[in-house]
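J.: What follows is each chain in one-letter form.
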Amino acid sequence: MTKWDKFLIIFMILAALGGFVLVKSITSREGQVYLVIEIEGKEYKKISLAQPVSEKKIVIDTLLGHNIIGIYEDGVKIDEADCRDQLCVKMGKITKANQINICLPNRVSIKLISDESDLDIISY
Amino acid sequence: MRTKKLAHLSLLTAVGIAIHIIESFIPLPIQGVPGAKLGLANIVNLITLVVFGFKEAIVVAVLRCFVGALGTGAVTGFFFSLLGALASTVVMFIAYKFGSKKFSLIGVSIFGALSHNIAQLSVAGIIINNILVFSYLPIMTLTSLFTGYFVGLTANYGSKNLQNILSKTENKY
Numbered sequence: 001m002t003k004w005d006k007f008l009i010i011f012m013i014l015a016a017l018g019g020f021v022l023v024k025s026i027t028s029r030e031g032q033v034y035l036v037i038e039i040e041g042k043e044y045k046k047i048s049l050a051q052p053v054s055e056k057k058i059v060i061d062t063l064l065g066h067n068i069i070g071i072y073e074d075g076v077k078i079d080e081a082d083c084r085d086q087l088c089v090k091m092g093k094i095t096k097a098n099q100i101n102i103c104l105p106n107r108v109s110i111k112l113i114s115d116e117s118d119l120d121i122i123s124y
Numbered sequence: 001m002r003t004k005k006l007a008h009l010s011l012l013t014a015v016g017i018a019i020h021i022i023e024s025f026i027p028l029p030i031q032g033v034p035g036a037k038l039g040l041a042n043i044v045n046l047i048t049l050v051v052f053g054f055k056e057a058i059v060v061a062v063l064r065c066f067v068g069a070l071g072t073g074a075v076t077g078f079f080f081s082l083l084g085a086l087a088s089t090v091v092m093f094i095a096y097k098f099g100s101k102k103f104s105l106i107g108v109s110i111f112g113a114l115s116h117n118i119a120q121l122s123v124a125g126i127i128i129n130n131i132l133v134f135s136y137l138p139i140m141t142l143t144s145l146f147t148g149y150f151v152g153l154t155a156n157y158g159s160k161n162l163q164n165i166l167s168k169t170e171n172k173y
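Protein sequence lines correspond, in order, to chains A and B.
Using our numbering, you'd call the opening residue of the first sequence number 1 and step up by one each time.
Using our numbering, you'd call the opening residue of the second sequence number 1 and step up by one each time.
Sample of chain B residues at the chain A side, in silico, Cβ under 7 Å: (1) K102; (2) I110; (3) S135; (4) L137; (5) P138; (6) T141.
Result set (DSS-like, lysine-lysine): computed pairs, CA atoms no more than 30 Å apart in a straight line: (7) B:K101 / A:K3; (8) B:K102 / A:K6; (9) A:K6 / B:K160; (10) B:K97 / A:K6; (11) A:K45 / A:K90; (12) A:K6 / B:K101; (13) B:K55 / B:K5; (14) B:K97 / A:K3; (15) A:K77 / A:K57; (16) B:K102 / A:K3.
No wet-lab data here; the hints were simulated from the structure.
All C-beta atoms, glycine included, are put in the ideal place defined by N, C-alpha and C.
Assemble the whole structure, with the sequences as input and the hints as a guide.
T.: And the structure:
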């Protein structure tokens, strides 16, 4: 183990810690996050989560099924679904931009997107 | 020498396959990167690189990944480990050739582990079509520091002994 090895290890630890901070700053931009609800691939509703949202529950009834989507302080989740496997309910809250939750039997998907496109994130 | 080299290379490959398969039993607490592994099989790549050379190391890496994928049955894991092993072998060769005065094998293997991670995450990003997998890079870097350190230590002792054995048997004949 030479002097340079130690330098390399210390540098890598610092870089990893810096990376943690960077990742945190990318994923937790609260101000400009939108909730997009899609039914059968088409946009159904787009709600800004920047200011306090008035409607805390969104009920979706289609021919395929019934879903209730709940908006909370720290995230969005599918509260209720009448599908068999209940995977979307079990998945829990999505809290960060670019996360997605799909109820496949009912063709309903909710996702969080941020104002800035993905390309801005790549430039980090 | 040719036959002996062949025998040694196949032995190294066999050891690499064994490590590769055993390693796939170790779960990593990283979600979203299927087939992400510690990278302990890099020991074999590094030893081959030091004792035999670059071309042989590439051959051993490719064979190890191919047979290892057959052994573990992970088809997506095959691309991860193949590209990771190729990238880390190339980077370790460069680091060993131009930096062996400054870095010991530990430093070389840390370089290899880092490039292994970056290659794996690039493949993951392409497969699931999301650049955000790179947010796993910091935690993978920290784990790769530990494995890189131990891989370097092991390769240090292993390559010394292997070189001894090779030079002794060469004198005999």
